[in-house]
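Please model the complete structure; the sequences and the hints are all you need to start from.
Number of protein chains: 2
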Amino acid sequence: MNNFTFYSPTYFVFGKEEENHVGHYVKRFGGTKALVHYGGGSVVRSGLLDRVKKSLEESGISYVELGGVKPNPRSGLVYEGIDLCRKEKVDFVLAVGGGSVIDSSKAIAAGTVYEGDFWDFYQGRPVEKALPIGTILTIAAAGSEGSPDSVITNENGMFKRGASGEGFRPTFSILNPELTQTLPAYQTACGITDIMAHLFERYFTTTSEVEVTDRMIEGLLMAMVHEGPRVIAEPDHYEARANIMWAGMMAHNNSCGVGRVQDWASHDIEHELSALYDCAHGAGLAVVFPAWMRYVYRKDVMRFAQAASRVWGCPMDFANPENTALAGIEAFRNFLKSIGMPTTLGELGARVEDIGQMAHTACFGDARQGAVGGFVKLEEKDVAAILELAAE
Amino acid sequence: MNNFTFYSPTYFVFGKEEENHVGHYVKRFGGTKALVHYGGGSVVRSGLLDRVKKSLEESGISYVELGGVKPNPRSGLVYEGIDLCRKEKVDFVLAVGGGSVIDSSKAIAAGTVYEGDFWDFYQGRPVEKALPIGTILTIAAAGSEGSPDSVITNENGMFKRGASGEGFRPTFSILNPELTQTLPAYQTACGITDIMAHLFERYFTTTSEVEVTDRMIEGLLMAMVHEGPRVIAEPDHYEARANIMWAGMMAHNNSCGVGRVQDWASHDIEHELSALYDCAHGAGLAVVFPAWMRYVYRKDVMRFAQAASRVWGCPMDFANPENTALAGIEAFRNFLKSIGMPTTLGELGARVEDIGQMAHTACFGDARQGAVGGFVKLEEKDVAAILELAAE
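One line per chain: the protein sequences are S and H, in this order.
Okay, so the first sequence: first residue is 1115 according to my numbering, each after it adds one.
Okay, so the second sequence: first residue is 1115 according to my numbering, each after it adds one.
Treat the hints with care, as some may be off.
Identical copies carry no separate label here, and so any pair may be met within one copy or between two of them.
Derived lysine to any residue pairs resembling SDA-like cross-links, with alpha carbons at most 20 Å apart [to be verified]:
| id | residue 1 | residue 2 |
| --- | --- | --- |
| 1 | K1130 | E1323 |
| 2 | K1243 | F1143 |
| 3 | K1243 | Y1125 |
| 4 | K1243 | G1144 |
| 5 | K1130 | V1375 |
| 6 | K1141 | P1123 |
| 7 | K1491 | C1428 |
| 8 | K1243 | P1123 |
| 9 | K1203 | T1119 |
| 10 | K1141 | E1242 |
| 11 | K1413 | E1494 |
| 12 | K1130 | T1321 |
| 13 | K1168 | H1138 |
| 14 | K1203 | R1142 |
Keep in mind the hints are simulated off the structure, nothing from the lab.
Model, not experiment: these values are computed from the prediction.
Here's what the structure looks like:
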């Protein structure tokens, strides 16, 4: 295990109706004037936004609003939010929504107290300071409610890039599984895929002797394999939603990823897909991740066999562990299909003709240095080959 | 899953030689004058205490010292520490040691800023405020480095009781597995037992639909089953020590115990053993926990069968799940024996004649209300019956 630091100071409030106390938490953590940041219609239509405002008012918290966050959130709205926060002297950013809304809120929170261009953070500058951030989560997926990460698409070039740092850990996060019970099956499945991808990105490592985090990751994956189909079959299953919601946070707050090299190539490659086609991040991951697995598994056959055996219950082929490794990859792909995810570029609406461009941008676009991935270092030709596999 | 809040704001610094930067962390978190609190000779002999002082001095942190914490830490030294902190205007308590030292430090940190008797907290008053606490952990066991808990023995009556509250979460904790490599096998095994007990106390629950935390607990238990014998066989195995150390923190910071009723009867019963015979807490748990399991498993045979199957790999007896449940309990007991733990009262040096007194004190001593345990409510006669089983 490698040396590491781990700091997850977010105050989590989990369960039914807890969003109705949001004003109390903003106040408790020192907020006096909030930016309420959200996406589109569903937060308004469901009455959630009204309940949030009511709670803020009851706690004497004044606020301004900024809606309109889209999936794959854009830099334009971030600049708008920063201007608004500065003008209105906002001291707390409250995200009401999913990963996109939270990521946009994080960018605004950091940008408001930073003299330069907020995009600096998305080119590698660590985020040390930001306005305090609170979240009310409406989809279990990105894990941004507990993570130090944010992903934004720069409209100037359509680069989709991530930023990270302690300033990005939310001060509090309210997780009410009820708020996710009305999500359509497709979005739910995208969330499940994203959570599992966060676990696999950590699982495939070059660091040896990491049994404790291996076992935690495998446990969380098994919980997703159990709960995923239940919630697709029965969308308003509170208990399944609750298990998935906590797994989504645990998958990405990094307590199961400490002290080990992580990969993240599949995320980097997927970002090119969603930047180009504006597809759902989870759907893009469903296409990319199994292809990535098929391309790289020979690097550590036994690790892939371990996942196949422990997570998917594949029988171990002791004479030829490669068979077990491949059976595990196939089991993952079949699972994704079973919850309604696309697993080929074609199903995603992506074009084989764009593969060259995507591979190039993944490796060289914006601030990139020529390769992606921690488990296996992938160069442009490797990324292209993975996307070719994903076309099959 | 039940509603819950989860707040674990401790900054963890993990890995080789990290204790040499302790001064930096005390300073970073606002300390200017520290109480350095520790146990006995080993911290001095190993040179650890000198390195800690050197680091504090290099960061310009002044300090006073208080050694002498014993296993099953006592109230007398806590009062002494509180007086010292007040007199010397200490603003940071630094624990250098294991669970006993950390628990004693927590009591001092809370007592210093509280007008009443610190024992109030150990009779049920939640700990909201305390001086900031830093820890340098020297044994993986109690999980106190990341938990909101502390256990102290009141010399006035020899009651061993726990206190809890947000003020008890350490501000930072330094976890260097190297510091545990010199521990004798017996103490190491006591630590392993304590960690597994923390997991089982959470596992046995009346709350249904808790797959995600079930899987996390099972994963951590399997990691302990893997690493435990390795570290007993090879005490200076850094990687095994490292895995156990992170598991010990994760087992007790409660991220795997949220939203579910927990038990804790075995801990309550064990506290009577260690209060009366001053035995090691882990050794007492090795005696009590399997006996508790044998006494209560009929309450939820399938939960015990699940643990047997998933953690211990016992084949499921579908015609008679009770056989599987019992095989799992036997596997746990055999594991404890294999790492050198006692599993009977006799081996612990405890006397059958004291069972009545211990059962009575567990249920009625000090501030107790007549029963212990969340999974099964145990009255005095049940506790006595469990201790009788433990005598076998």
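Hints, one by one, checked against the model:
1. When the C-alpha separation of K1130 and E1323 is checked against a cutoff of 20 Å, the pair qualifies only between copies, where the shortest distance is 15 Å, while the shortest distance within a copy is 39 Å.
2. Both within a single protomer and between protomers do K1243 and F1143 lie at most 20 Å apart by alpha-carbon distance, with minima of 16 Å and 16 Å respectively.
3. Taking identical chains as interchangeable, the C-alpha atoms of K1243 and Y1125 lie at most 20 Å apart whether they share a chain (18 Å) or sit on different chains (17 Å).
4. In this assembly of identical chains, K1243 and G1144 lie within 20 Å of each other by CA distance both inside one copy and across copies; the values are 16 Å within and 17 Å between.
5. For the identical chains of this complex, K1130 and V1375 are inter-copy neighbours only, at 17 Å across copies versus 37 Å inside a copy, given an alpha-carbon limit of 20 Å.
6. For the homomeric pair K1141 and P1123, the shortest alpha-carbon distances inside one copy (17 Å) and between copies (19 Å) are both at most 20 Å.
7. When the C-alpha separation of K1491 and C1428 is checked against a cutoff of 20 Å, the pair qualifies neither within a copy, at 28 Å, nor between copies, at 40 Å.
8. Both within a single protomer and between protomers do K1243 and P1123 lie at most 20 Å apart by alpha-carbon distance, with minima of 14 Å and 17 Å respectively.
9. Proximity of K1203 to T1119 under the C-alpha cut-off of 20 Å is found in neither arrangement, the shortest distances being 33 Å within a copy and 30 Å between copies.
10. Proximity of K1141 and E1242 under a CA criterion of 20 Å is satisfied inter-copy only: 17 Å between copies versus 23 Å inside one chain copy.
11. When the C-alpha separation of K1413 and E1494 is checked against a cutoff of 20 Å, the pair qualifies only within one copy, where the shortest distance is 18 Å, while the shortest distance between copies is 59 Å.
12. Taking the shortest Cα distances, K1130 and T1321 sit within 20 Å of each other only across copies (16 Å), while inside one copy they are farther apart (40 Å).
13. When the C-alpha separation of K1168 and H1138 is checked against a cutoff of 20 Å, the pair qualifies only within one copy, where the shortest distance is 11 Å, while the shortest distance between copies is 44 Å.
14. Only within a single protomer do K1203 and R1142 lie at most 20 Å apart by alpha-carbon distance; the minimum there is 19 Å, versus 28 Å between protomers.
Hints 7, 9, counting from the list given before, are not met by this structure.
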